[in-house]
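Undergrad: Sequence:
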Amino acid sequence: MRLCGQLSLAPADDGWRAIGDRAAARTRPGIHRSFARRPGQSQPAPTELQAHQRLHYLGPGFPADCLAENQAHHPGRRNWAAPGARKRRGRAVRERFLAVVNPAAGGGRCGRLAPAAIEKLRAAGVPLEVIESRGPGQATQLVREAHARGYCKFLAVGGDGTAYEIVNGLFPGAADGERAALGFLPLGTGNSFLRDFTDRGVEHAATAILGGRRRACDVLRLTHKDGVLHYINLLSIGFTADVAAITSRKFKRLGELGYLLGVLTCLARLRRRAFPLRANGEAEFDRRRCLFLSFSNSKFTGGKMMIAPMADTADGLVEYVRWGPIGRLGLIRNLHTLYDGSHLNHPLASRRGARRIEFDLEGPVDIMVDGEVLTLHCQRVEVLPGALDVVI
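Quick note: the sequence shown uses our numbering, first residue 349, plus one each step.
By construction, these hints were calculated from the structure, which means they are not laboratory data.
Built from N, CA and C at the ideal position, the CB exists for glycine as well.
Do not rely on the hints blindly, as some may be mistaken.
To be verified - For each label pair, taking beta carbons as the anchor points, the in silico distance ranges come out as:
1. Ile680 to Glu467: 40 to 50 Å
2. Arg497 to Asp547: 18 to 28 Å
3. Ser690 to Gly664: 51 to 61 Å
4. Glu443 to Phe599: 22 to 32 Å
5. Ala564 to Glu710: 30 to 40 Å
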């Protein structure tokens, strides 16, 4: 879940505006404006839940000539431009990483640590441009625009939610265009996806970026009544999503204590419900009640919780985990097993790999997807095998 930091936002307007010295001189001939929205240009579709209308470009932007933006005219914003950035005119954008920084990730930890981490990469010779996301959904639209302009290498500077927004900016477009790559500087709260590969965090991630290590990664696509979204970590329904939802809505500002209060609240009013579905085109829908269902690409969620110990990010399958209608006392006794994957030994738990999941839900339900809480009428989950390169 995204934590909102106390950030000084730019004045609101009804579209996208140029910043820095380009904004000050936008009437001069030959000067490009950065993604200015022309009168009559349509807003992002309301069904694209990740996209918001008011998007302000922060840090070095990516105008048509691929020059870094100067932020001297915007006090309070960090200037991410590398020394000599304007001399890089000849470098093709596809050779650079576009780092997307979520300064609110990790309760503000990312905002404090990101500048030093990025400068270390630059000092080691990694070509970087940097933008900041200042609110939920902004990164999705920023990445979509950047990818359309030729950027293919992205760096998620934050947590799982930051990577989730980048993935939704890349897809579905990246499925048909030039192959995209995603690296990580894990400065958020959970960083669950990266834990499948290492527990060394930033150190390992930086080494992978410097070494150019890539591996193919599946992308999972959820089709819902109002559109589609994409993810690389986990989607869950039931108890786990209920806890995430109530924590986000009522106890978000309390941090770990808030999460504990969310767990206790959901235990007190424990619901075991049916979420009818079928896997791989089976004839019948499974309408049994359950505690939760998860549809994973990677093993972990919430940092160290191993919901799907058999998941493989490159096997072309959704790892479908089901835990049946366990009671309160049984759940309390077995909660710890979610952290080592041994919950699958419980007689009410099961798992299987699937290429396609179809739902037969009566209406919208709360879901948790890559740390974000949404309420959607889910229809199906499918796999895009090896659709994304991850730099790990």
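Undergrad: With reference to the structure, classify each hint as holding or not holding.
TA: Status of each hint after checking the structure:
no., hint, in the structure
1, Ile680 to Glu467: 40 to 50 Å, "holds (47 Å)"
2, Arg497 to Asp547: 18 to 28 Å, "violated (36 Å)"
3, Ser690 to Gly664: 51 to 61 Å, "violated (26 Å)"
4, Glu443 to Phe599: 22 to 32 Å, "violated (45 Å)"
5, Ala564 to Glu710: 30 to 40 Å, "holds (37 Å)"
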